[in-house]
Amino acid sequence: MMQATKAALLTKEYAIGLVDRQLECGDDEVIVKNHLMGICGSDKSFYRGQLPPKTAEFRQEPKFPFYLGHESGGEVVEVGRQVREFKPGDQVMAFGWNNNFATYFKAKVFELEPVPEGLEMDIASLGEPVACAMYSGLHAGVQLGDTVAVMGGGFAGQIIAQCAKKKGAAKVIVIDVLDGKLQLAKKLGADIVINATADDPVQAVLDITGGSGADVVVEAAGSEQSINAATALLKHNGIFVWYSWITRPVRLDISRWHDDGIEFRNTCLVHHTRQERQVWTPQALRPVVQGLIDIKSLITHEFSLKDIDKAFQFVDKDDAAVKVVLRP
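Numbering (my numbering), first residue to last: 2 to 329.
Note that these hints are calculated values from the structure, not bench results.
All C-beta atoms, glycine included, are put in the ideal place defined by N, C-alpha and C.
Don't take each hint at face value.
Unchecked claim - Mimicking BS3-like on lysine-lysine, the simulated pairs with C-alpha atoms at most 27 angstroms apart in a straight line are:
#	residue 1	residue 2
1	K307	K45
2	K311	K297
3	K7	K318
4	K7	K64
5	K45	K318
6	K297	K167
7	K167	K188
8	K307	K13
9	K187	K168
10	K7	K307
11	K34	K7
12	K297	K307
13	K34	K311
14	K307	K34
15	K187	K166
16	K311	K13
17	K318	K187
18	K109	K45
19	K318	K307
20	K109	K7
21	K188	K297
22	K311	K45
23	K64	K109
24	K297	K166
25	K166	K236
26	K187	K172
27	K188	K318
28	K168	K297
29	K109	K34
30	K109	K88
31	K64	K45
32	K64	K307
33	K307	K109
34	K297	K187
35	K13	K64
36	K236	K167
37	K7	K236
What the hints assert, rightly or not - So the derived label-pair ranges between C-beta atoms look like this:
#	residue 1	residue 2	range
38	K88	Q276	18 to 28 angstroms
39	G262	E76	44 to 54 angstroms
40	D319	L253	27 to 37 angstroms
Please model the complete structure; the sequences and the hints are all you need to start from.
Structure (structure tokens):
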């Protein structure tokens, strides 16, 4: 059976709109009716024409026209004859690039995760970015009494900062360039916020820590400047947590990486193997189900899918938006 859908097509930089598609469910595939979709920072980069190189996710280098979208969740409406893991009526979260800015999307079984019991669908539809950020927060190596610096107060940074505080960090410092994001971080439990346009974040963190530097730094801002600042404000033998996906080469000052024995952790769950992801996603989302981490406050703006062009124009111009979502 063919399933008609409206789906987003990025024809060139800054040009996105809906087209009609027909989805045919293959033997090993699942068709999902979307409940809600999220716009990721990587979607914004694609919209600006910054397509990434070939990766494990993209076996061929992405090119225009590109069927955009990967953050969403919804209800299974059809499964292929070889599928045993899901059935119609199941609630699922997307973990693959399947043109998810659409009323319906099609995915392989391994590109989906079941929604944990007790997780409402507005949050479950953002299950991939939430699980990725939660996994990072849980595996950042934060110990009781640590000083933790989070570079970037976006969706992931806000979640990771909350995790660090819940794990016992004595001081959680959030660094960003926008006062709105810093005020939100403060509201959600950050002890100290630093606007990098007003103060030197490296000197500020060194002052806070008596010159020793932060025990853990999380890079969630995604720029050459933020990586180098994170390197400089970290203590000797500290933990550098990678989170951002930077799709273009940058120049880094890496002398301290060797000389000061810095430990590096790549914590973006979705870029680990799918076997690891399947094990860790339920554990990563458990604190969210338990109400320990505030996700709803991070959903700052909502659009209808039919207004996807307006939504992308908005996220392109307003960096103060934390998580912008679309409803079918």
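For each hint, the structure was consulted:
1. K307 / K45: OK: K307 and K45 at ~18 angstroms, within 27 angstroms.
2. K311 / K297: holds (22 angstroms)
3. K7 / K318: holds (25 angstroms)
4. K7 / K64: holds (21 angstroms)
5. K45 / K318: holds (10 angstroms)
6. K297 / K167: The hint holds at about 17 angstroms.
7. K167 / K188: The hint holds at about 14 angstroms.
8. K307 / K13: Within the cut-off at roughly 19 angstroms; holds.
9. K187 / K168: Answer holds: K187 to K168 is near 17 angstroms, not above 27 angstroms.
10. K7 / K307: holds (9 angstroms)
11. K34 / K7: holds (11 angstroms)
12. K297 / K307: holds (23 angstroms)
13. K34 / K311: holds (23 angstroms)
14. K307 / K34: Roughly 16 angstroms separates the two Cα atoms, so the pair holds.
15. K187 / K166: holds (12 angstroms)
16. K311 / K13: Holds - the C-alpha atoms of K13 and K311 are around 16 angstroms apart, at most 27 angstroms.
17. K318 / K187: holds (24 angstroms)
18. K109 / K45: The given pair, whose Cα atoms are some 25 angstroms apart, holds under the 27 angstroms limit.
19. K318 / K307: holds (19 angstroms)
20. K109 / K7: This hinted pair holds, its Cα atoms lying about 20 angstroms apart.
21. K188 / K297: holds (13 angstroms)
22. K311 / K45: holds (13 angstroms)
23. K64 / K109: Measuring from Cα to Cα gives roughly 22 angstroms; hence the hint holds.
24. K297 / K166: holds (18 angstroms)
25. K166 / K236: holds (19 angstroms)
26. K187 / K172: Holds, at roughly 12 angstroms.
27. K188 / K318: Holds. K188 to K318 sits at ~24 angstroms (cutoff 27 angstroms).
28. K168 / K297: Roughly 20 angstroms between the alpha carbons, so the hint for K168 and K297 holds.
29. K109 / K34: holds (15 angstroms)
30. K109 / K88: Roughly 13 angstroms between the alpha carbons, so the hint for K109 and K88 holds.
31. K64 / K45: At roughly 15 angstroms apart (the allowed maximum being 27 angstroms), K45 and K64 satisfy the hint.
32. K64 / K307: With Cα atoms ~24 angstroms apart, K64 and K307 stay inside 27 angstroms; holds.
33. K307 / K109: holds (26 angstroms)
34. K297 / K187: Given that 27 angstroms is the threshold and the Cα spacing comes to 16 angstroms, the pair holds.
35. K13 / K64: Measuring from Cα to Cα gives roughly 9 angstroms; hence the hint holds.
36. K236 / K167: holds (22 angstroms)
37. K7 / K236: With a Cα-Cα distance of about 50 angstroms, the restraint between K7 and K236 is violated, given a limit of 27 angstroms.
38. K88 / Q276: 18 to 28 angstroms: holds (23 angstroms)
39. G262 / E76: 44 to 54 angstroms: Given a distance of about 49 angstroms, which is inside 44 to 54 angstroms, the answer is holds.
40. D319 / L253: 27 to 37 angstroms: This hint holds: roughly 29 angstroms between Cβ atoms.
Hint violations for this structure: number 37 only, all remaining hints satisfied.
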